[in-house]
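Enquirer: Could you put together the complete structure from these sequences and hints?
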Amino acid sequence: MRVDDLLEISLRQVLRQGRRNAGVVLAIALGTAGLIVIITMGQDVKLNFNRDLELLGGATRIKVELLGPDSDPDVIRVEQFHDDTVKALRHMPGVVDATLVAQKAYLAQSSRRDQIYGFFLLAVDEHFWSVNSFEARAGRLIGAADVKNRRRVCVLGADLAKKIFGKANVVGQVLPIDEELYEVIGILGGLGVSDRTGWAFLPMTTAQDRISHLKRPTLMYLRCLTWDQVNEVYTAIPGVIRARQSADGLKIDVAWERLKKVKRTFWWVQFFTYIAIAATLILGGFGIWNIMMVGVRARTREIGLKKAMGAEDLDILSQFLTEALCLSLCSALVGIALGRLAVVVLAMVMGSHPMENLFLACAGLSVLFALALGVGAGLAPSIQASRMEVVSAVQYE
Numbered sequence: 001m002r003v004d005d006l007l008e009i010s011l012r013q014v015l016r017q018g019r020r021n022a023g024v025v026l027a028i029a030l031g032t033a034g035l036i037v038i039i040t041m042g043q044d045v046k047l048n049f050n051r052d053l054e055l056l057g058g059a060t061r062i063k064v065e066l067l068g069p070d071s072d073p074d075v076i077r078v079e080q081f082h083d084d085t086v087k088a089l090r091h092m093p094g095v096v097d098a099t100l101v102a103q104k105a106y107l108a109q110s111s112r113r114d115q116i117y118g119f120f121l122l123a124v125d126e127h128f129w130s131v132n133s134f135e136a137r138a139g140r141l142i143g144a145a146d147v148k149n150r151r152r153v154c155v156l157g158a159d160l161a162k163k164i165f166g167k168a169n170v171v172g173q174v175l176p177i178d179e180e181l182y183e184v185i186g187i188l189g190g191l192g193v194s195d196r197t198g199w200a201f202l203p204m205t206t207a208q209d210r211i212s213h214l215k216r217p218t219l220m221y222l223r224c225l226t227w228d229q230v231n232e233v234y235t236a237i238p239g240v241i242r243a244r245q246s247a248d249g250l251k252i253d254v255a256w257e258r259l260k261k262v263k264r265t266f267w268w269v270q271f272f273t274y275i276a277i278a279a280t281l282i283l284g285g286f287g288i289w290n291i292m293m294v295g296v297r298a299r300t301r302e303i304g305l306k307k308a309m310g311a312e313d314l315d316i317l318s319q320f321l322t323e324a325l326c327l328s329l330c331s332a333l334v335g336i337a338l339g340r341l342a343v344v345v346l347a348m349v350m351g352s353h354p355m356e357n358l359f360l361a362c363a364g365l366s367v368l369f370a371l372a373l374g375v376g377a378g379l380a381p382s383i384q385a386s387r388m389e390v391v392s393a394v395q396y397e
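Numbering (the numbering used here), first residue to last: 1 to 397.
Worth double-checking, as some hints may not be accurate.
[Stated by the list, open to error] Calculated cross-link-like contacts (lysine-lysine; reagent style PhoX-like; alpha-carbon spacing at most 25 Å):
#, residue 1, residue 2
1, K163, K63
2, K63, K87
3, K261, K251
4, K63, K306
5, K261, K87
6, K260, K215
7, K148, K87
8, K148, K215
Note that these hints are calculated values from the structure, not bench results.
Expert: In structure tokens:
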């Protein structure tokens with residue numbers, strides 16, 4: 001039998017049994033689509049998950065601090081981070097962003113309606129917000145232009161704004177801080193704000209010029225791209241700092257326990273997802289086997305007649321095996337189409353750009369897996385059909 005005739009007959013038989021094959025096609029298609037989406041979008045999903053890790057305690061943040069010989073950052077001889085050190089740390093492989101922080105040694109003060117309020121004051125740069133996953137609840141946050149131009153602006157926590165002004169949204173108001181006037185440009189919001197709702201934030205340069213008793217900037221926070229880079233970055237930090245300045249009193253803190261919990265949780269999620277997909281595909285394989293076995297029994301007389309007319313065992317085996325392959329390949333093609341649609345939709349939602357080569361590789365692997373599944377599930381029924389005795393097959397009722 002010619003190959004094109006064999007394919008035509010097999011496809012016609014698969015389409016003729018469309019209702020019976022629908023469940024198997026759906027199972028294999030969904031499993032294939034799920035596998036394509038997980039592999040193609042896996043890195044982007046991990047990046048988005050890491051971006052929101054403040055919900056889990058900031059597991060990808062690393063705290064780097066220069067405490068000095070006496071572990072007292074107020075001592076004048078404690079060396080602060082140099083500009084080239086900050087730049088090098090910010091551009092380390094695996095680091096998505098880094099921020100330099102300085103805090104006032106004593107509580108800052110503000111007065112309104114003859115009342116004096118004390119609060120924590122933090123001097124920050126424009127990177128502070130992204131490193132900590134903060135956003136503006138109202139107004140805007142301190143940006144690069146504010147730091148560069150040494151503007152007298154500030155961002156307040158919602159509780160502090162309400163405490164001083166009697167309301168949370170005070171964007172545009174003028175606030176005296178240590179006898180200097182600052183314009184409130186934003187109210188702090190976002191994930192993991194915690195006790196910072198009672199703090200005030202000033203541009204680093206402005207605070208260094210105008211705030212008395214401001215600690216030297218001996219504290220940095222680094223945000224890693226994903227949790228996979230945390231240990232690598234942690235190990236490399238001392239060498240990067242020592243190559244540019246003294247690292248006396250260097251202290252590096254990582255939330256190792258939180259990081260382990262996050263990685264363990266994500267691993268189990270991935271594990272059960274892959275198990276579910278594998279189970280779906282295996283059930284699809286059993287479905288093909290069951291359909292082919294039922295088909296062999298239902299077409300026993302047809303097989304006997306074909307053998308009586310001269311069909312060889314190999315012809316019968318080829319026909320049934322090709323039908324199984326057509327069924328699995330059609331299912332895989334439907335799954336690839338669904339996977340492509342899901343990848344496009346997820347990429348639009350997440351604002352990412354998954355690699356096209358990765359999707360094509362997944363599609364190719366899906367086709368190969370479908371071929372293996374079709375052969376594995378259809379081989380036994382095909383062999384059973386090819387070995388039927390002509391007389392008993394023709395007389396089968």
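Enquirer: Going straight from one Cα to the other, do K163 and K63 come out at no more than 25 Å?
Expert: 30 Å, violated
Enquirer: Holds or violated: K261 with K251, Cα cutoff 25 Å?
Expert: Within the cut-off at roughly 23 Å; holds.
Enquirer: Do the alpha carbons of K148 and K87 lie within 25 Å of each other, as the hint requires?
Expert: With Cα atoms ~16 Å apart, K148 and K87 stay inside 25 Å; holds.
Enquirer: Within 25 Å, alpha carbon to alpha carbon, are K148 and K215?
Expert: 20 Å, holds
Enquirer: Is the hinted pair K63 and K306 satisfied, with a Cα-Cα distance of at most 25 Å?
Expert: 77 Å, violated
Enquirer: For K63 and K87, compute the direct alpha-carbon distance and say whether it is at most 25 Å.
Expert: The given pair, whose Cα atoms are some 16 Å apart, holds under the 25 Å limit.
Enquirer: Next pair to validate is K261 with K87; report whether the Cα-Cα distance is within 25 Å.
Expert: Judged against 25 Å, a Cα distance of about 31 Å means the pair is violated.
Enquirer: Starting from K260, check that the Cα of K215 is at most 25 Å away, please.
Expert: 33 Å, violated
Violation of the numbered hints given earlier is confined to hints 1, 4, 5, 6; the remaining hints are satisfied by the structure.
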